[in-house]
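In case you want the letters, here they are:
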Amino acid sequence: MQISFTLNGRPTNLDVEPATLVAELLREQLHLTGTHIGCDTSQCGACVVHLNGLPVKSCTLLAPALDGATLLTIEGLTGAPGSNQMHPMQEAFREHHGLQCGFCTPGMLMTAVALATEKPDLTEADVRHGLEGNICRCTGYQNIVISVMAGAAAMHDAKGE
Amino acid sequence: MKPFAYHQPDQIPDAAKLLTSIEDSKLVAGGMTLIPTLKQRLASPAALVDLSKLGSLKGITDDEATITIGAMTPHAVVAASKLVQTKIPGLAALASMIGDPAVRSRGTIGGSVANNDPAADYPAGVLGLGATIVTSKREIAADKFFLGLFETALELGEIITAIRFPVPVKAGYAKFKAPASRYALVGVFVAQFADGVRVAVTGAGPGVFRVPPMEAALSGHFDPPAIAAIKIDTDGLTSDIHAEADYRAHLVTVMAKRAVEAALS
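So the sequences go chain by chain: A and B.
Under the numbering used here, residues 1 to 161 are what the first sequence spells out, in order.
Under the numbering used here, residues 1 to 265 are what the second sequence spells out, in order.
So that you can see chain B by itself, here it is in the shape it has in the complex (with noise of 0.2 Å):
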């Protein structure tokens, strides 16, 4: 690593200050992605400011019709969230199949949202749910957030303090994991909501995208048969040493079944 200065702000506007006066500053959250990139020298920043100290930013909170997860709240603690576990389940089903144990404690969703990694699993699940994304100037939905590979709609100085979610009537995912990282191969997250269903994929092309053939299958019938026959087109779909773009979009429709499944049971 090369050297770099370190903020630990404790008012959201200081750190979106040091982040637009500062040249070549980086935001720091959990660190599970940005810790390696500067290990391997593919970030070299002048400085982090680390959202540690901003104990507002932590915590799930029950609106009824939604709950909100504080931007630095870790993936284990959304996973053993009772009021997650009951309210959407399949989001903490989500949250329990991120990484290991270890990258659950110090990972955040806000930090994994940002990053918007194509294999990562939140955007799946902020995207399937219709998310709202708060951040330290506006609300953002998910539909408009995510903009492809790394990409999203934040603006520099711009800070995700929450992600919103409405409570879904049943919700589900399922991923076939690529077993040395842990990321998803392909991983689907399925929402039913009295409106319809949405369907999200992540892993299987360059940023998390919908599957509207599937969205509209299964707001007739909400069980795995209804998608069974509904093919992905592999144009714009990755293809790398992990699996080509054909075997992926296989798995979309598989993992698609096994995440109405999981919603159903």
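In isolation and in its complexed conformation, chain A is listed as follows (with noise of 0.2 Å):
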């Protein structure tokens, strides 16, 4: 079947198989495979993307529920528009040491650029709850909640400005 959506901010058309994942779409067909496969079976959260501006699971999303929407993953993550910058909360990973192996990380990012994006004042309790769904092997989950309070406050003061 036919879909259009828009990824990472560009228009894009697709036949799609209805029983295909949007993470296989993502990494097989569109060859963006920043989007991980942890568990393929929605428990750990690699796979995080945002549908619509909400994070979703991309291994347990249909390809045909992209059609008329707004798609964005790890690529489409970016600093100021023309900048070559990283997004804050990228820099705040890489700044805290927010990973180690960097498997769970996009799809930790990208929840959590859903946490800032909802609620702007997060509180470490909000981080750790909103992070219930990404599992990481490990660090210990200490230097990701110091990585999103962090990143979280950059992205408010970088819209502050």
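Calculated directly from the structure, the hints in this document are not laboratory data.
Here a beta-carbon is modelled for each residue, glycine too, at the ideal position from N, C-alpha and C.
Certain hints may be false.
[Stated by the list, open to error] Taking CB as the label site, the calculated pair distances span:
1) B:Q11 with A:E17: 23 to 33 Å
2) B:A65 with A:C39: 40 to 50 Å
3) A:H97 with B:T20: 49 to 59 Å
[Said to hold, decoys possible] Only part of the chain B face toward chain A is listed, based on derived beta-carbon distances under 7 Å:
4) A102
5) S105
6) P225
Hints given; two lone chains; assemble the complex.
Shown next, in the form of structure tokens:
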């Protein structure tokens, strides 16, 4: 079936089999391999993308759901347009060592950006509750939580300027 | 996943017609249960009928004595709704405890209620509040809707369009989560109305159920000590790798007390 959607700001038209998962579509057909497939059972959150601005697990999303929608993947997460900078949340993860192996990081970032966008004044409890669906096997989460708090503050500052 | 045809009707009668005319077709709402089921090949329907283009199934309306939530309203929207937070805060709290943020973006109230997973949260809220399930054909009282393990009163081709909740005096929900799945090992919803109290339990048995002795006790005194001594019979409760029946029975009383505390806070 034909689907039309906006992918990282670009209008996209595709012919897809309905029984295609968005995670597969992104990685196999569109070669956007930043979205990772960890557990493939909607537990780990490595595959989180934004569908119409909301975090969703792309391993548990059928391609037809994209029709008419706006999709943002980790490849579309950038700093100020034209600046060639990383997104403030990505900068915060680098600054505060919010990753070790990096496998879960794309999903962590997408969930973190959605959290910070939804609630500007995040508490540590909000962050820990909000990251419930993202699993990291390296860090013990401490630095991820620190990074998300710092990234959320930086996103808020950037918006205020 | 095995291949399937995909339909996105924009009218409820068209959706109902597709369901009855295509053998082995299934409805898909948010897909949070169905898609994993398809991936594991536990189901391989010939066609999916997607309800997402039916705009009339989304949204929350205030009818004074009741709140009506469209079947395709996602959990995140119910959790964040000022209207639900004001009129039935226990229901908003329940929605905020389902799964994780990504699941709450997609999962819908209608899908959860129609699926009737024995450990899902919404069935406890729907039965606990004595809500009405509005379908494409009729209205069904919650007490007559949930028929046990994944079974409901829905007929072939019948589609839930909304759930109508009476506004209680007070209501609260407490659950003990299975840590990996975040489903309720035991979840208890308590609602106080002018004419009595309702207590509904999910996760403990093969389907959501009420606890009349707790309802009677709480109708007298709506506070946690009123039910502290009430024990639940382990007969018919679930025993599995997550918990034995006697542990679940114990948790029902603990969660019921916490639900009353939440309702009073």
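Evaluation of the provided hints:
Between Q11 of chain B and E17 of chain A the Cβ separation comes to about 26 Å, which falls inside the hinted range of 23 to 33 Å. In this structure the supplied range 40 to 50 Å holds for A65 of chain B paired with C39 of chain A, their Cβ-Cβ distance being about 44 Å. The hinted window of 49 to 59 Å between H97 of chain A and T20 of chain B holds, with their beta carbons roughly 57 Å apart. Below 7 Å, beta-carbon pairs count as interface contacts, and A102 of chain B has one with chain A at about 5 Å; its hint therefore holds.
At a threshold of 7 Å, the smallest CB-CB gap from S105 of chain B to chain A is about 4 Å, leaving the interface hint in force. A cut of 7 Å between beta carbons decides the hint on P225 of chain B: the least distance to chain A is about 29 Å, and the hint is violated.
The structure fails hint 6 only (numbered hints given earlier).
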